[in-house]
Structures are given as structure tokens and as C-alpha cells.
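Peer 1: Chain residues, written in single-letter form:
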Amino acid sequence: MSWHLTVATIDAYLVGRVSDACAASTETHLMRCADCRALLADREHQDVAARRRHNDGLDRILDRIDQPRRGVFERLLVTVGVSASLARLTAGAPRLRHAWFAAGLSVLVVAVLLAQFSSGPVGAVLFVVTAPVAPVIGIALTYGRRADPAGEVGVVVPFPAFRLLLLRSVIVLASWLPPAALLAAALPDHGAVPLLWFVPALALTSLTVALSGYVGTVPAAAAVATGWLVVAAATVRGNRGSPAAVWLDHSQLFRPAGQVLLALLAVTATFVAVARRAAYDARETA
Amino acid sequence: MTTRLTAVSKRFGRTTALRGITMEVDRGVTGLLGANGAGKTTLLRIMATVLSPDEGELRLLGRNPRDAGDRLQIRRQLGYLPQQTGFYEGFTAYEFVDYVAILQEITGTRQRRSEVRRVLEAVGLTDQMHRHLRSMSGGQRQRVALAQSLLGRPRLLLLDEPTVGLDPLERIRFRQVVSELAREHTVVLSTHLTDDVAALCDQVVVLGHGEITFTGTVADLVTTAAGHVWLADMPDVAAAGWWRTGDGRYRHIGEPPRGARLAPPTVEDGYMYLTGRGT
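Going down the list, the protein sequences come from chains F and B.
Quick note on numbering: the first sequence equals residues 106 to 391 in the working numbering.
Quick note on numbering: the second sequence equals residues 1076 to 1354 in the working numbering.
Bear in mind the hints are in silico, worked out from the structure with no lab data behind them.
In this text, a Cβ means the ideal position worked out from N, Cα and C, and glycines have one as well.
Incorrect hints may have been included.
Said to hold, decoys possible - Incomplete in silico selection of chain B near chain F, CB under 7 Å: (1) Tyr1155; (2) Pro1157; (3) Val1175; (4) Ile1181; (5) Leu1208.
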């Protein structure tokens, strides 16, 4: 072969910027000339690489432009080291979360105010009994699978249902504990009373997560919360004049042995839930 | 065959939603036709692994959804548009699809973002991606829901009433997207719109009261009404199925009225003849 295609011609041919006649003669030459076929393959390879670089650059720019602004809670989670995708999953329904958070908080604030300004022990007792139920209700209202922001789509995704429930339960509990601890510190009672809600809160949350694998999150939370309130209401009692510690001491739930049993319940329920984690994916929604 | 149901039944309390369903679907688009309450949604929810059948065998993409490992593999290759997506309205379109993409385990932030943009572009929502779902029209929200089902180019795409709320242009775009995917993958769509079936489907399954009353190609469905569709100048009021057409003549399905001439059937005629509404 006495002549060869120039690099400029091959590049123009690759991007379709040659006349039909020129394309035809280029193709005729390529069929006969191995050197020019090799050059064409090489130029095409470079072209693809260049295009990929260009697309990558474009993707980076679009990433910057298209990224929606994260909410405060989502940003907070990312700041404390939670990955961006997990932050989105857990902070997925901020409005719902705010609703239950505000409702639960207002009950406890009322309890603390009662404790501060009334002479009886009602406020402190109310606080200790209701504080453990708040995270349970939070989990059910916002993060039950049926309340998933993606609706039924969220049921048939490969992301493990158990992992999602556990993540969200941890987030609910973690966002709940600091304000509850601060409010507990404002209770007028001294000694152990302001601490007595903590172990039950852990136990009820783990129990809800474990039972969710059998009956679904909402029925599990309803059963746990109702059961707790009924038992507490039936066992906590005292005279108007006696302090909150005496009222609570009437119930096994708030004595040292009861608290140890509740702690054991929390650990057992967590083990059961982890062992049965596959069951959370298998449960039907209807 | 990628997906096969054998004698599948499902009951809700005393109501039998599906009875003895046996069918196979493969590459291309299969349309599920049937009246409201015929069992289309239950069938799709079973195929989407939302529900498990009370009786019968189910193979999805060659796997058994009762097995936890298999079910996970199926879900990784599944796209699902439920009848009511019921998504959280505080999300923007981008945030919602991104949220589902995370649940779909599309790993790598850049890959996920690029995939989210691709599916939103496929349904024509690139310009609207940062609008909140609560401020979108019904058709736009339906497109967002459709976009999430296309994430990861699913091998099995299940669409429940996908064209509800879409205007004619949006429906044409929907058909483009679905027919493109169906060249290599399996798409099952439930609908009561015979237009969608005529435009898209290779295979049609007609459901009535939880049972399959017809299965075959679109041409087969049309053929069932051949010789039973009539055009007359006056309506035969005794006939159960007739209506006045745009050119002033009366279309009848079933027995011929006096002075009527045979007309070539459509998919709708086939469906109506089959379900006995026109006779």
C-alpha cells in the first residue's frame, strides 16, 4: 500500500464529519490496509477514553448542581460520621419524626412542670412511667415498614428490613435520650428516681424490635406500650403525701431486681431479634 | 422461561383473590387485563414478593421466592411500581428516587447519582427533579414512581396501572421507555386500558374473578371477537353491548342486529367479547 490515511481523516471519519464519498473511499482503503485499521482502532480507543473523561467531568459537575440540600438532621448525622446514604435512610421522614418527637417531648415537659409546681409526686411518677414509652411510639409512627417513605416499594428492596429497623430504632433512641436525660435532671426528686426510666426505655425498645419480626412494627409497639402502661398503672401506688420514690417502689418494675430483669430482657430481646433477622424480610405486609 | 406460576392461589379471609393461576412470562411485555377486583393487583404483588401465595409454585427469574437467599437475589433484579406508591411528600423527586436507590443497594455515591439522573431523564423529569412531590401533578408523581421502578435496569419489571393519570404525550414516552427495556427484559403490566395492551404487549393474560380466562397474543385476543362485531345504522336495544361511534353508526358486540355489517374487531372488542359484557 503506497499511501495511508492521515490521523486527521481518521478522526473526522470517527465522528462522522466526512462526506459520503470520502467515507466510502476511507472504508475501501481500511478493508485493504492493516496499518490504517490499527491506527483507526488506536484513535477510536483514545476517543472513547477522552469521551469517558469528558463524561466523568460532566457527572462531577452535575453531582454538584443536582445534589439537593440536606436537612439539618441529615447534616448532623453526616457530621457525626454516619455515611451520607445511611443518613438519608434514617432521616427520611423528618416531618413525621418532628411530629412524634414534639408530642412525646410535650408530655414529658408537662410531667416535669407538674413535678416542679405541684406538691404531690404525680409529675415525677408520670415522667418515669411515660418516658420509656416515647421511643417505642416514635419507632412505630415514623419507621414502621408501613410508614416507610417509599411505601410498598420499600418492602421489595434488597436492603435488609432488619438492618433498616435497627438503624432507625437506634436513631430514635439516640435522639430521644439527651432531652429525656435533661428533663429528668430537672425533676425535683433526688436519689435514684430521675434514673429509673432509662433501663425500661432500653428494654421496651429492644422488645419492640424483637416482636416486630413476628407481628410487624406497629402491632408490636402497640402491645409493648400498652402492656407497660397497664402493668405500671396497676403496680405503682402510694399516698398523696409520700414522695415519688415510695410510689415507684411499690412496683417490682422500679426496684433493683426489676431493673436488672428489664436489663436482661433488653439483652435477650436484642439477641432474639438478631438471630431472627431474616424473618423481617419474609413478613407479608397484608 | 424466566418467571413461572403454577396453580397459584391466594385468599384474604373468606375472599378468594386468585384461584389456580398457571402462567409463564418471558422477555417482552405481558399485559394483565381485567376488571377492577379481578385479581390483577394481588397477582402482581405476589410476583413482586410482597405477598406469598397460599398454594402453588412460584419461580421468579428462575428462583424460588420462599427461600431467603433466592428472594434477595430476585429483589436485586426487580423493579416494581405499586398501584399506590404512597410516598412521603416532603421529598423532592430526586430525593425520593435517591432514597429508593439506596434501598436498592446501588453502591457508590457517584454511580447512584448518575443512575438517579438517568431514570429521571428517562421519564422526562430532568427539569422538575428538585420540586417537592406535594407540589407535583398526578401525572408527574406517577412518572416519579415509574422512574424508581427503572433503577438498575431490572430484569423483571412489574407495573400496576402505570398509565393512570398520564396525559397522551406522557403515555407515549412511557411506552418508549418500557418497550426499550422489554427488548432484553421481562415486563408485566396490569391495566384495564386496552390501548396500552394494543400498543405495547406481546402477550396478554385476561383475569376474571381471580382466574385466567384467556392467555395468548394480542392478535389472538382480537381474533376471539372476529365475526361478532357489527356496525348498524340503528341500535339494537336488546343487545347488551352497543354504543354510538363518532361517525354516527352503532357498534354492537355479540349477535348481529338487523341490517348490520361485520366490522373488523379491535383489542377492546376481543376483551369485551371474552368477558361476556358485549353479549
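Peer 1: Would the hint on Val1175/B be counted as holding, given a Cβ-Cβ threshold of 7 Å to chain F?
Peer 2: holds, 5 Å
Peer 1: Does the closest beta carbon of chain F sit nearer than 7 Å to the beta carbon of Tyr1155/B?
Peer 2: Because about 5 Å separates Tyr1155/B from the closest Cβ in chain F, which is inside the 7 Å limit, the hint holds.
Peer 1: At a threshold of 7 Å, is the proposed contact between Leu1208/B and chain F supported by beta-carbon distances?
Peer 2: violated, 10 Å
Peer 1: Do the numbers back the hint for Pro1157/B, that is, is its least Cβ distance to chain F under 7 Å?
Peer 2: Nearest chain F Cβ about 4 Å off; hint holds.
Peer 1: Given Ile1181/B as an interface hint, is its Cβ closer than 7 Å to any Cβ of chain F?
Peer 2: violated, 9 Å
Comparing the model with each numbered hint stated earlier shows that hints 4, 5 do not hold.
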